[in-house]
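Visitor: Residue-level listing of the chains:
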Amino acid sequence: MLLWANWAVAGLMIAPMIPAVLHAYGHAPLASGKPLVSTELLLGLGPVLARGGMPTFLAPLLLLVVLQTLLAGGVVWRTVAGGPFRLGAFLGQSGRLVFRNARLFLWLLLLLAAAAIVPAGLAVSMKALGLPTLFTMPGETWIFGRPFGAWSVLHLGVVALALALWRLTVDVGRVLLFRDDVRATRRAAWSAVRLVLRSPMALLGYTVLGGLATLAVLLAARGRASLPEGNAGLALLALGVGQVVLWVRLVFQVAGTRFAATLVERSSPSSAEPTPAAEPGS
Amino acid sequence: MILFLTSLLAVTPAPARFDAAGRSIGAPLGDRTASYVLEARYDPATRRVTGKERLTWTNRSDVPQATLWFHAYWNAFKNADSTFARGASLSAGARSSTADFGRNDWGWTELRSARLPDGTDLRPTLRWEHPDDGNEADQTVFTLTLPTPVPPHGTVSVDLAWDARVPKLAARTGVEKSFTLFGQWFPKLGVLEVPPQRGVRAPAWNCHQFHATTEFYADFGSYDAALTVPRSMVVGATGVRTGRTENPDGTVTHRFHQDDVIDFAWTAWDGAVEVTDVFRSDGLPEVALSAIVPADARATAPDVLAAAKATLEHGGRHWLPYPYPHLTMVAPPLAANSDAGGMEYPTFVTTYSRTDPVSPRDLLIWEVTVHELGHNWWQGMLASNEFEEAWLDEGIDTWATAQVLQGLGLRWDLGQLAPAGTRRFLAPFLRSSIDDAQIRALSPTPRFESPIVRPGWLFKGGGEVGRSTYGRAARALGMIEREVGPAVFARIMRTYAERWAFRHPGTEDFLDVASEVAGKDLRPLGTALFRGTAGLDDAVAELRCKQVPTSPGPGFYDGDGGTPGFVPRPRVSADGGDIRCEVLVERRGDLPVPVEVQLTFQDGTRLTRPVPPGELWSRVTTQRSSPGGRVVRAEVHAGATAPLDSAPVNDVRSLDATPGPVASLTGWLLYSAQLLAAAVGALL
Numbered sequence: 033m034l035l036w037a038n039w040a041v042a043g044l045m046i047a048p049m050i051p052a053v054l055h056a057y058g059h060a061p062l063a064s065g066k067p068l069v070s071t072e073l074l075l076g077l078g079p080v081l082a083r084g085g086m087p088t089f090l091a092p093l094l095l096l097v098v099l100q101t102l103l104a105g106g107v108v109w110r111t112v113a114g115g116p117f118r119l120g121a122f123l124g125q126s127g128r129l130v131f132r133n134a135r136l137f138l139w140l141l142l143l144l145a146a147a148a149i150v151p152a153g154l155a156v157s158m159k160a161l162g163l164p165t166l167f168t169m170p171g172e173t174w175i176f177g178r179p180f181g182a183w184s185v186l187h188l189g190v191v192a193l194a195l196a197l198w199r200l201t202v203d204v205g206r207v208l209l210f211r212d213d214v215r216a217t218r219r220a221a222w223s224a225v226r227l228v229l230r231s232p233m234a235l236l237g238y239t240v241l242g243g244l245a246t247l248a249v250l251l252a253a254r255g256r257a258s259l260p261e262g263n264a265g266l267a268l269l270a271l272g273v274g275q276v277v278l279w280v281r282l283v284f285q286v287a288g289t290r291f292a293a294t295l296v297e298r299s300s301p302s303s304a305e306p307t308p309a310a311e312p313g314s
Numbered sequence: 007m008i009l010f011l012t013s014l015l016a017v018t019p020a021p022a023r024f025d026a027a028g029r030s031i032g033a034p035l036g037d038r039t040a041s042y043v044l045e046a047r048y049d050p051a052t053r054r055v056t057g058k059e060r061l062t063w064t065n066r067s068d069v070p071q072a073t074l075w076f077h078a079y080w081n082a083f084k085n086a087d088s089t090f091a092r093g094a095s096l097s098a099g100a101r102s103s104t105a106d107f108g109r110n111d112w113g114w115t116e117l118r119s120a121r122l123p124d125g126t127d128l129r130p131t132l133r134w135e136h137p138d139d140g141n142e143a144d145q146t147v148f149t150l151t152l153p154t155p156v157p158p159h160g161t162v163s164v165d166l167a168w169d170a171r172v173p174k175l176a177a178r179t180g181v182e183k184s185f186t187l188f189g190q191w192f193p194k195l196g197v198l199e200v201p202p203q204r205g206v207r208a209p210a211w212n213c214h215q216f217h218a219t220t221e222f223y224a225d226f227g228s229y230d231a232a233l234t235v236p237r238s239m240v241v242g243a244t245g246v247r248t249g250r251t252e253n254p255d256g257t258v259t260h261r262f263h264q265d266d267v268i269d270f271a272w273t274a275w276d277g278a279v280e281v282t283d284v285f286r287s288d289g290l291p292e293v294a295l296s297a298i299v300p301a302d303a304r305a306t307a308p309d310v311l312a313a314a315k316a317t318l319e320h321g322g323r324h325w326l327p328y329p330y331p332h333l334t335m336v337a338p339p340l341a342a343n344s345d346a347g348g349m350e351y352p353t354f355v356t357t358y359s360r361t362d363p364v365s366p367r368d369l370l371i372w373e374v375t376v377h378e379l380g381h382n383w384w385q386g387m388l389a390s391n392e393f394e395e396a397w398l399d400e401g402i403d404t405w406a407t408a409q410v411l412q413g414l415g416l417r418w419d420l421g422q423l424a425p426a427g428t429r430r431f432l433a434p435f436l437r438s439s440i441d442d443a444q445i446r447a448l449s450p451t452p453r454f455e456s457p458i459v460r461p462g463w464l465f466k467g468g469g470e471v472g473r474s475t476y477g478r479a480a481r482a483l484g485m486i487e488r489e490v491g492p493a494v495f496a497r498i499m500r501t502y503a504e505r506w507a508f509r510h511p512g513t514e515d516f517l518d519v520a521s522e523v524a525g526k527d528l529r530p531l532g533t534a535l536f537r538g539t540a541g542l543d544d545a546v547a548e549l550r551c552k553q554v555p556t557s558p559g560p561g562f563y564d565g566d567g568g569t570p571g572f573v574p575r576p577r578v579s580a581d582g583g584d585i586r587c588e589v590l591v592e593r594r595g596d597l598p599v600p601v602e603v604q605l606t607f608q609d610g611t612r613l614t615r616p617v618p619p620g621e622l623w624s625r626v627t628t629q630r631s632s633p634g635g636r637v638v639r640a641e642v643h644a645g646a647t648a649p650l651d652s653a654p655v656n657d658v659r660s661l662d663a664t665p666g667p668v669a670s671l672t673g674w675l676l677y678s679a680q681l682l683a684a685a686v687g688a689l690l
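Chain order of the listed sequences is A and B.
Position in the first sequence (first residue = 1) + 32 = the numbering used here.
Position in the second sequence (first residue = 1) + 6 = the numbering used here.
Calculated from the structure, these hints are not laboratory results.
Just to be clear, a hint being listed does not mean it is correct.
[Said to hold, decoys possible] Per the computed footprint, the stretches of chain B lying under chain A, defined by three or more beta-carbons under 8 Å from a beta-carbon of chain A, are:
no.: 1; stretch: 41 to 52
no.: 2; stretch: 250 to 264
no.: 3; stretch: 359 to 366
no.: 4; stretch: 420 to 426
no.: 5; stretch: 672 to 681
[To be verified] Restricting the straight-line Cα-Cα distance to at most 25 Å, the calculated cross-link-like pairs of lysine-lysine (PhoX-like) are:
no.: 6; chain 1: B; residue 1: Lys174; chain 2: A; residue 2: Lys159
no.: 7; chain 1: B; residue 1: Lys183; chain 2: A; residue 2: Lys159
no.: 8; chain 1: B; residue 1: Lys174; chain 2: B; residue 2: Lys58
[Unchecked claim] Calculated from the model, a selection of chain A residues having no Cβ within reach of chain B, i.e. all distances over 12 Å:
no.: 9; residue: Ala40
no.: 10; residue: Pro116
no.: 11; residue: Met233
The structure presented is a predicted model; accordingly, all values stated were derived computationally and were not measured.
C-beta: ideal position from N, C-alpha, C; glycine also.
Using the sequences plus the hints, can you model the full thing?
Guide: What follows is the structure, given as structure tokens:
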């Protein structure tokens with residue numbers, strides 16, 4: 033379902049451009065056999081893309097926000113409840129939890145702001161001490177120098193930890209909402225924050241999982257980027273390999289939810305099973 | 007035998023034009039209209055420069071001149087109301103600005119005294135002038151009035167003394183930590199233009215204010231400089247080092263001299279490393295090379311030196327031998343690359359530094375070094391007016407840069423721009439092979455917003471100045487090359503360089519040389535290219551074929567005796583009858599160049615038809631027997647692409663579909679959108 037949502041959103045994003053691409057390149061022998069980064073293809077794409085504009089690009093992303101929030105409930109149900117997959121049950125749980133998940137997310141945006149204070153403050157302090165971070169170093173360093181030194185990587189680790197703290201809390205909060213059928217989302221958010229803060233090893237594990245996810249996605253994407261270019265068959269092959277990148281990323285998303293569910297189960301084993309209220313139609 | 011082989015292998019340089027002290031051997035290479043003896047003492051602790059100069063100026067005109075016009079460029083950094091500061095804040099794409107200057111970042115020049123050799127004080131006659139915009143707050147141009155006019159072809163000397171505060175690094179001048187770049191740093195004369203120079207009808211001073219987008223125009227002369235700085239500082243400057251004196255106060259005075267140049271710039275820098283080499287090539291003058299690089303980016307030096315040698319070789323063979331005995335290249339500290347790197351002064355240029363250059367050739371360093379050194383021809387020796395006709399240096403130099411890089415087989419691989427330590431991993435993502443000429447002109451259009459020839463501050467914005475005077479102008483030169491052929495065009499550029507070296511050419515002078523060498527009048531084309539706004543996008547918009555019967559179509563036709571008789575619709579067999587093809591050519595730009603459409607038939611034959619002059623579109627219809635009469639390909643600009651064409655991909659249209667490009671682009675767009683959606687989804 034997540035992959036379908038991704039496809040739908042991406043398809044909507046590029047749909048306005050396809051007629052322009054067909055018109056410009058459908059009978060263009062000068063563009064045949066050329067790599068993507070060539071004058072004929074990518075460098076001549078500006079006028080083609082100009083037809084869509086930002087609204088047609090951003091509107092589907094708003095749809096993604098809605099879809100992703102909607103499907104979050106179904107993913108949690110599927111991860112926690114187990115058993116055979118039933119589309120009706122998946123959609124039912126998604127619909128049942130969508131507004132609560134949305135409210136929970138909004139509450140936890142406050143946590144994101146709070147979590148960002150640590151790496152931001154650290155970056156300011158490091159800059160004052162003359163130590164580089166990826167966010168405060170001069171722009172020239174990216175092209176002319178060595179941006180990835182010990183200090184900047186250390187700071188990046190802190191950023192990753194803060195991001196993992198927030199993201200794990202979101203996942204834990206969603207599991208709590210589903211498992212305990214909590215309606216007071218602020219209380220669920222607060223419970224999730226406390227649970228995560230009391231589990232530093234779990235936070236570390238989740239950070240490692242996120243790091244592995246990023247690495248796996250980058251490796252898969254690099255595999256796709258390494259493919260030769262030049263004809264329709266190769267383009268289709270690249271698109272197919274590109275789906276592997278998406279699969280890897282979505283597998284890790286589900287794994288993250290599973291990780292959060294395990295953390296919740298271990299923290300309160302007596303209520304590990306979903307309540308009857310969590311069943312669809314109840 | 008060994009001696010014979012050695013003599014064959016030995017390099018025989020051309021005779022030197024200057025001696026080891028930078029003084030010309032024999033006659034001057036050009037009029038020495040404005041010569042300077044400069045003395046400056048720099049105190050890095052206070053960022054103050056105390057300077058003196060003796061200026062010797064010759065009135066080249068037939069009219070007495072009582073007023074001298076000067077630039078005081080550093081006053082551009084005096085406050086937020088200078089013309090430079092106002093222009094920089096308005097111009098996206100302009101050079102770095104003073105927008106983020108704090109209290110201690112501003113800089114200025116203050117003229118303390120101005121006297122004639124007999125002691126006559128000229129300082130009371132100082133007047134600030136604002137010839138470009140009437141901005142009273144701007145103090146980048148001033149005049150001094152002499153008690154007695156300088157007679158025609160007479161000479162005057164003036165002794166000036168000034169204090170200056172070095173600004174924070176901006177627009178290729180100023181200080182960044184211990185690195186200081188002194189560009190446009192001393193009170194300097196404008197140019198008295200004398201008929202027929204650049205079309206002027208009467209002698210007139212050309213001395214513009216310092217703008218965000220333009221700054222160069224000067225007369226040739228001799229420069230002699232004594233620069234005093236703390237002993238710890240490495241110094242590089244225009245010209246040849248002629249002396250070094252240790253002073254009791256812990257400072258060192260560095261002396262430099264160079265004849266027949268239009269400017270003098272220098273750097274003083276704690277902790278820099280100087281790497282030297284020599285350029286030697288048969289038949290070309292020998293050139294001593296210095297690369298001044300940061301200690302933490304010392305690896306930059308080999309690329310800088312190699313790029314310089316390649317440019318000296320190419321320029322010497324194709325344009326004009328580089329006559330000066332020395333060349334200094336400064337690669338600024340890493341954090342100063344964008345504010346200080348990429349600037350041209352005579353025999354002294356700034357380039358880029360990288361801690362980890364790409365092996366074997368770092369194109370980022372090569373491109374900027376070749377380009378800035380190329381300016382030693384296109385503006386350094388052919389001293390055009392950058393304020394008013396910037397294309398004559400930037401446009402020609404962009405063309406020249408591409409020539410040098412193409413000659414070496416160097417193309418842009420964007421993977422070279424990836425951060426050090428990630429290049430091997432990121433290389434496949436950024437895999438590319440782009441010609442340098444295309445990098446500088448990525449946004450051509452069928453109609454431009456301004457002519458190329460226009461004062462720099464009168465373009466719509468900083469971005470448009472760059473697009474017009476660099477890449478578009480280089481492509482305009484490509485249109486002339488297309489018109490005359492590469493061999494003739496090479497002769498044009500060489501003749502232009504030889505004829506106008508050490509003088510002040512204008513656009514019309516270039517077009518006159520081009521017409522003379524080509525043997526045909528290129529002025530109309532050149533005027534349209536450089537003084538007009540027309541662009542070019544000729545496209546084969548449609549190509550369609552259908553089978554038609556050879557016998558008459560349905561309807562009534564006169565039969566025997568004039569009586570109309572009905573003829574039914576004939577049957578068309580798949581392999582018989584005729585093929586009727588229609589080709590629609592559209593001219594989406596107004597550049598008046600002739601265009602033909604070439605049709606290629608299935609049987610291999612070709613047909614060429616001109617598009618009538620002045621028409622915005624033209625339809626060509628053919629009817630030939632099937633199947634060989636099918637038009638399989640229609641093409642405009644066949645065999646000679648038009649460099650200014652904003653969309654060359656639509657120059658050719660095939661009857662058969664080309665699924666490859668559509669699949670590549672659509673697949674890439676979809677994949678990119680999927681990644682974007684996944685990245686956003688990961689946060690939700």
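Visitor: Against this structure, judge whether each hint is valid.
Guide: Do the hints match the structure? See the list:
no.	hint	in the structure
1	41 to 52	violated (count 0)
2	250 to 264	violated (count 0)
3	359 to 366	holds (count 4)
4	420 to 426	holds (count 4)
5	672 to 681	holds (count 9)
6	B:Lys174 / A:Lys159	holds (20 Å)
7	B:Lys183 / A:Lys159	holds (16 Å)
8	B:Lys174 / B:Lys58	holds (22 Å)
9	Ala40	violated (9 Å)
10	Pro116	holds (25 Å)
11	Met233	holds (23 Å)
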